[in-house]
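Asks: If you want the building blocks of each chain, they are given just below.
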Amino acid sequence: NAGVTQTPKFQVLKTGQSMTLQCAQDMNHEYMSWYRQDPGMGLRLIHYSVGAGITDQGEVPNGYNVSRSTTEDFPLRLLSAAPSQTSVYFCASSYSATTLNTEAFFGQGTRLTVV
Amino acid sequence: KQEVTQIPAALSVPEGENLVLNCSFTDSAIYNLQWFRQDPGKGLTSLLLIQSSQREQTSGRLNASLDKSSGRSTLYIAASQPGDSATYLCAVTNNAGNMLTFGGGTRLMVKP
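Chain order of the listed sequences is A and B. For the record, in the first sequence the residue sitting at position 27 is 27 according to the numbering used here, with numbers rising by one throughout. For the record, in the second sequence the residue sitting at position 55 is 55 according to the numbering used here, with numbers rising by one throughout.
Since the hints were derived computationally from the structure, they do not count as laboratory data. There may be inaccurate statements among the hints.
Straight-line alpha carbon distances no greater than 27 Å define the calculated DSSO-like cross-link-like pairs of lysine-lysine that follow [to be verified]:
#, chain 1, residue 1, chain 2, residue 2
1, B, K42, B, K111
2, A, K14, B, K42
3, A, K9, B, K42
4, B, K1, B, K68
Given these sequences and hints, build the entire structure.
Replies: Structure follows, in structure tokens:
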């Protein structure tokens, strides 16, 4: 059981470039989500999904796109990178789709720098 | 909008001390509360999950309590060890059960 796997671990982008952060889980979890973690701001929810084909916006969705074509994968796309998107990104999953009534499992994070 | 606050932001204690970390939240309509541990450069690991109907949960040297009506939770760590050094975060789930709101964390250092 690998848990939640994020790739890449580190990335440097130029302003305006696009990229996809990958997230995969092998626990058959229905709920998956993306957070960004910034100093002084804590962890903030970007997007989440309660199952394949279903996504919704979190607190800070602007500039990001998601899709959920399979239960296992939940990629996060940066459409046109901006310096304000420099952050550490975490993917998380939990078992239940109807509630977060189970513990959340987090990936190791992707440290993104936009120059 | 739910706001979660953790006090203190940083704490340094000698090994062996019992300690309490505090978490408060502004909206008591929560589904559950989780305590996480984060080591530098790593992801978060769930330590304890308390349902809104529960008062406390225990795991080894950790005990978390929840007072939903007053919007407070505490994480008690008994007989602290240097290996407990990490950042501890609490997070509440909204009543719809689809969103976690995190506190800013308490950075704990346990000195040998």
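Asks: Starting from the hint list further up, note which numbers the structure goes against and sort them upward.
Replies: Violated hints: none at all, because every hint is consistent with the structure.
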